[in-house]
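There are 2 protein chains.
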Amino acid sequence: MTTSNVRPADMERITTAELARKFIDEQIKELRTQIGDKKVLLALSGGVDSSVVAALLIKAVGNQLVSVHVNHGLLRKGEPEQVVRVFRDELHANLVYVDATDRFLDKLAGVADPERKRKIIGAEFIRVFEEEARKLDGISFLAQGTIYPDIIESGPVKSHHNVGGLPEDLQFELVEPIKLLFKDEVRIVGKELGLPDNMVFRQPFPGPGLGVRCTGAITRDRLEALRESDAILREEFAKNGLEGKVWQYFTVVPDYKSTGVKDNKRSWDWPVIIRAVNTRDAMTATIEEIPYELLHHITKRIVTEVPGVNRVLYDLTPKPTGTIEWE
Amino acid sequence: MTTSNVRPADMERITTAELARKFIDEQIKELRTQIGDKKVLLALSGGVDSSVVAALLIKAVGNQLVSVHVNHGLLRKGEPEQVVRVFRDELHANLVYVDATDRFLDKLAGVADPERKRKIIGAEFIRVFEEEARKLDGISFLAQGTIYPDIIESGPVKSHHNVGGLPEDLQFELVEPIKLLFKDEVRIVGKELGLPDNMVFRQPFPGPGLGVRCTGAITRDRLEALRESDAILREEFAKNGLEGKVWQYFTVVPDYKSTGVKDNKRSWDWPVIIRAVNTRDAMTATIEEIPYELLHHITKRIVTEVPGVNRVLYDLTPKPTGTIEWE
Chain X
1 MTTSNVRPAD
11 MERITTAELA
21 RKFIDEQIKE
31 LRTQIGDKKV
41 LLALSGGVDS
51 SVVAALLIKA
61 VGNQLVSVHV
71 NHGLLRKGEP
81 EQVVRVFRDE
91 LHANLVYVDA
101 TDRFLDKLAG
111 VADPERKRKI
121 IGAEFIRVFE
131 EEARKLDGIS
141 FLAQGTIYPD
151 IIESGPVKSH
161 HNVGGLPEDL
171 QFELVEPIKL
181 LFKDEVRIVG
191 KELGLPDNMV
201 FRQPFPGPGL
211 GVRCTGAITR
221 DRLEALRESD
231 AILREEFAKN
241 GLEGKVWQYF
251 TVVPDYKSTG
261 VKDNKRSWDW
271 PVIIRAVNTR
281 DAMTATIEEI
291 PYELLHHITK
301 RIVTEVPGVN
311 RVLYDLTPKP
321 TGTIEWE
Chain A
1 MTTSNVRPAD
11 MERITTAELA
21 RKFIDEQIKE
31 LRTQIGDKKV
41 LLALSGGVDS
51 SVVAALLIKA
61 VGNQLVSVHV
71 NHGLLRKGEP
81 EQVVRVFRDE
91 LHANLVYVDA
101 TDRFLDKLAG
111 VADPERKRKI
121 IGAEFIRVFE
131 EEARKLDGIS
141 FLAQGTIYPD
151 IIESGPVKSH
161 HNVGGLPEDL
171 QFELVEPIKL
181 LFKDEVRIVG
191 KELGLPDNMV
201 FRQPFPGPGL
211 GVRCTGAITR
221 DRLEALRESD
231 AILREEFAKN
241 GLEGKVWQYF
251 TVVPDYKSTG
261 VKDNKRSWDW
271 PVIIRAVNTR
281 DAMTATIEEI
291 PYELLHHITK
301 RIVTEVPGVN
311 RVLYDLTPKP
321 TGTIEWE
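Residue numbers (our numbering), protein chains in the order written: chain X, 1 to 327; chain A, 1 to 327.
Calculated from the structure, these hints are not laboratory results.
Note: identical chains are not told apart, hence a pair may lie in one copy or across any two.
Computed list of lysine-lysine pairs in DSS-like fashion (alpha-carbon distance at most 30 Å, straight line): (1) Lys265 to Lys300; (2) Lys179 to Lys39; (3) Lys319 to Lys300; (4) Lys77 to Lys257; (5) Lys77 to Lys245; (6) Lys239 to Lys319; (7) Lys107 to Lys257; (8) Lys257 to Lys319; (9) Lys191 to Lys22; (10) Lys77 to Lys319; (11) Lys300 to Lys257; (12) Lys183 to Lys265; (13) Lys257 to Lys119; (14) Lys245 to Lys300; (15) Lys262 to Lys119; (16) Lys265 to Lys119; (17) Lys38 to Lys135; (18) Lys119 to Lys77.
Please read all numbers here as calculations on a predicted model, not as lab measurements.
Full structure from sequences and hints, please.
Next up, the structure:
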């Protein structure tokens with residue numbers, strides 16, 4: 001059982017399938033020792049870290065793992081469906097799927113301030129997870145997808161209990177099987193565990209999800225325009241060899257309209273903003289020089305296929321002075 | 001004196017300096033016959049059409065022409081100064097310069113609706129011009145920069161009096177010396193009259209000026225960001241061989257902010273949107289494929305030099321579904 005939060009100097013970097021298998025075998029043993037016949041709870045977002053932890057725990061303790069997937073209504077197109085398909089249907093996980101879309105969107109209605117939006121999403125997430133946790137009996141452990149950069153960022157403080165906002169009577173012992181791994185190692189382990197490529201090589205996605213890209217006060221119709229335009233961008237990047245090349249790419253739909261012309265009539269609709277950036281350290285970022293031919297094609301698809309949109313803009317701003325996200 | 005509004009079938013297209021000189025000589029004679037020793041009034045915007053009419057009339061009747069330049073506060077950087085320099089200082093015109101910036105911006109304060117903004121600007125323009133006209137004695141003629149496409153667009157109705165919103169007691173006989181010319185002919189004539197290139201080859205500029213590009217309710221600080229970013233774009237297009245190549249290019253500053261980072265601190269600022277389009281007929285338009293190297297340079301200049309701006313976006317939308325202007 002790995003209790004130290006410091007990666008040993010002699011720990012070999014996982015760079016091959018073989019090293020990943022070795023790591024997986026060791027972890028399965030350690031997890032079985034740690035957990036015994038007790039139950040483990042996991043908030044499964046569908047991101048690579050929590051997905052790898054889920055897949056490891058399913059291999060180690062099977063249905064003693066209860067995974068809770070909270071759909072806050074701010075996920076990308078197809079994401080909650082994929083989580084259910086991969087974990088419930090293919091890996092036969094004990095998966096609790098909670099569609100909390102209405103709850104989140106009702107709380108967020110009319111809230112334009114970015115900080116307040118983030119706080120509402122974070123607090124509501126904890127509340128939904130807490131409610132699900134209370135419905136379950138005999139949970140002893142909480143699994144988390146902590147990775148080594150998270151530990152480096154938060155400093156050398158050792159924490160054995162979750163401190164993420166759950167109340168005192170819901171404190172569990174932590175299970176963090178990938179806490180000494182770097183992101184590239186997590187991906188290799190995920191691939192070896194049989195997770196699909198688009199889950200393992202998924203771009204970074206912020207906790208508040210599409211909420212920070214549907215800028216200003218979120219509405220359902222604008223959120224839908226965001227989800228659809230983002231799906232078109234991802235599809236076209238995948239088709240045109242940019243999926244593995246560009247670090248992060250997404251669309252933003254601001255709460256702002258401009259004049260245009262559709263079907264020979266004046267239209268008054270939103271623009272869709274494309275963001276596509278590369279970075280080494282997330283402290284600075286440069287934009288991807290997307291070829292104009294592809295930009296024209298994506299623009300045409302978005303203004304044709306997405307209701308409520310009449311323009312497409314490309315965000316040319318490096319970081320600084322822009323941040324990667326818009327709020 | 002040309003009274004017909006139909007271009008004769010045998011009228012030669014003005015394509016050379018020689019043909020332009022011939023046209024100018026004929027017009028000077030005709031204008032002297034029409035005007036005699038009476039006075040002519042002209043609203044001089046600084047655009048190519050009214051500038052060519054002013055230069056022709058100065059040659060024909062000198063100080064019998066009174067040109068009124070109304071600065072509504074929505075002109076591009078350096079434009080009112082250029083009108084004064086070229087017409088008052090170089091051509092020794094009888095020029096009335098009216099700085100009505102405060103009047104216009106006060107009327108426009110808090111008005112976000114595009115249609116209402118346009119109406120306020122148009123109506124206020126007539127009112128300022130009317131006030132100036134009333135201060136002058138013995139005006140008999142009103143000169144206008146009508147060109148042949150204006151006549152084709154408005155149909156074959158012949159009008160001898162101005163109908164642009166001036167009251168009944170301020171109806172003058174019209175003087176329209178370039179009403180049978182196409183735009184390219186107007187430019188050749190303007191060059192032959194000695195007007196500066198950046199006046200003669202000026203891009204089309206809408207009547208409400210920067211007002212339709214400072215979208216939403218206009219504020220002085222955002223208008224300043226618009227004027228400065230537009231000046232940077234024009235300077236860089238001129239330096240990089242795009243000035244004569246691209247049909248129309250400008251910036252837009254929407255009433256919308258996003259998060260960024262400046263001087264290691266969070267910033268909450270406007271984006272500047274670049275619009276650069278080519279068209280044959282203004283009914284459809286495609287975007288210019290500005291090289292990324294130049295886009296990076298312009299972006300860097302704008303976010304560095306223009307206060308209140310943290311992002312630069314490139315509008316990728318053809319017409320349709322976008323219009324050339326944003327409102």
